[in-house]
Amino acid sequence: MRGFGNVAGAGVVAALLGVAGYAVFFVAPQEVSMGDIQRIFYVHVASAWTSFVAFFLVFLANIAYLWRRQLHWDWLAVSAAEVGVAFCSVVLVTGPLWAKPVWGIWWTWDARLTSTFVLWLLYVSYLLLRSLLPDPARRATISAVFGIFTFLDVPLVYMSIRWFRTQHPQPVIAGGEGSGLDAVMWQVFLVMWTALLALMARLVWQRYRLESLRHQVDELSFGLRAG
Amino acid sequence: MKNFEFLLTAYLAVWGIFLVFEFVVSSRVSSLEKELRRLRAELERKD
Chain X
1 MRGFGNVAGA
11 GVVAALLGVA
21 GYAVFFVAPQ
31 EVSMGDIQRI
41 FYVHVASAWT
51 SFVAFFLVFL
61 ANIAYLWRRQ
71 LHWDWLAVSA
81 AEVGVAFCSV
91 VLVTGPLWAK
101 PVWGIWWTWD
111 ARLTSTFVLW
121 LLYVSYLLLR
131 SLLPDPARRA
141 TISAVFGIFT
151 FLDVPLVYMS
161 IRWFRTQHPQ
171 PVIAGGEGSG
181 LDAVMWQVFL
191 VMWTALLALM
201 ARLVWQRYRL
211 ESLRHQVDEL
221 SFGLRAG
Chain A
1 MKNFEFLLTA
11 YLAVWGIFLV
21 FEFVVSSRVS
31 SLEKELRRLR
41 AELERKD
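Here the protein sequences line up with chains X and A, keeping their order.
For what it's worth, this note's numbering labels the leading residue of the first sequence as 1, then goes sequentially.
For what it's worth, this note's numbering labels the leading residue of the second sequence as 1, then goes sequentially.
Honestly, I wouldn't trust all of these hints.
[Said to hold, decoys possible] Here are some, though not all, of the chain A residues that point toward chain X, as calculated from beta-carbon distances under 8 Å:
1) 2
2) 26
3) 42
4) 44
[As the list claims (entries may be wrong)] Calculated Cβ distances over 10 Å to all of chain A for the following chain X residues:
5) 63
6) 64
7) 73
8) 97
9) 98
10) 100
11) 127
12) 171
13) 214
For the record, the hints were derived by calculation from the structure and aren't laboratory data.
Yeah, the Cβ is synthetic: ideal placement off N, Cα and C, and Gly gets one too.
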């Protein structure tokens, strides 16, 4: 039954990604000034928002662990952190691929790009820190405290283009007066974001299962050695 | 299509990152499941 659920889940996510890909290339209208390169926007911004959701999950799981001291909250935190780093990597790869033809440069150290890069570094550090701590309870406690502080960069990334003058474009979604997105572009964006959220949920679930299996293997190995 | 190579590279990189992630996690899950079965069998033999 678990095998069927796994295949069905993968099928649903693949179908959603297929629909989103079709919508990006064949439904979304061409942007007037940038042309087709603007189509990177759909996966770039949707991945950024999805990484924020994943990092918020890490934050909630970290708080839940410190409150309840149950290891499964730690497993959820590390699972969501790894998936969040994958989505944040997508943001850091697709951004320069859009910037080069539009700005003429791959990268600039403005507030949005720098704070996003720092966010990625912080969560990579969070994962590295965990690998240095062998004791599960100690690892969970120290990384939960680190993870809660790490989340403080997420609102900074989000607000950076509102608080500072940046090379990065000003917000087109929820950017206030003068901002906005064509209705069809907005719908295509929502389809892509839904598909990426489904992908995130699947990856977090799989990664959580890995953590749970690792725990079972450790417990059985310990039992065999002790007995 | 202007700048098609950038657009194509971006979307290929996206699916590449997720496919690698999925592949790595799935193969680690399979090897842990195998290890778990082995340990359970060993435990049963001991009992």
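A quick look at each hint next to the structure:
no.	hint	in the structure
1	2	holds, 5 Å
2	26	holds, 7 Å
3	42	holds, 6 Å
4	44	violated, 11 Å
5	63	holds, 25 Å
6	64	holds, 23 Å
7	73	holds, 20 Å
8	97	violated, 4 Å
9	98	violated, 7 Å
10	100	violated, 6 Å
11	127	holds, 13 Å
12	171	holds, 21 Å
13	214	violated, 6 Å
Consistency with the previously given hints fails for numbers 4, 8, 9, 10, 13, ordered from lowest to highest.
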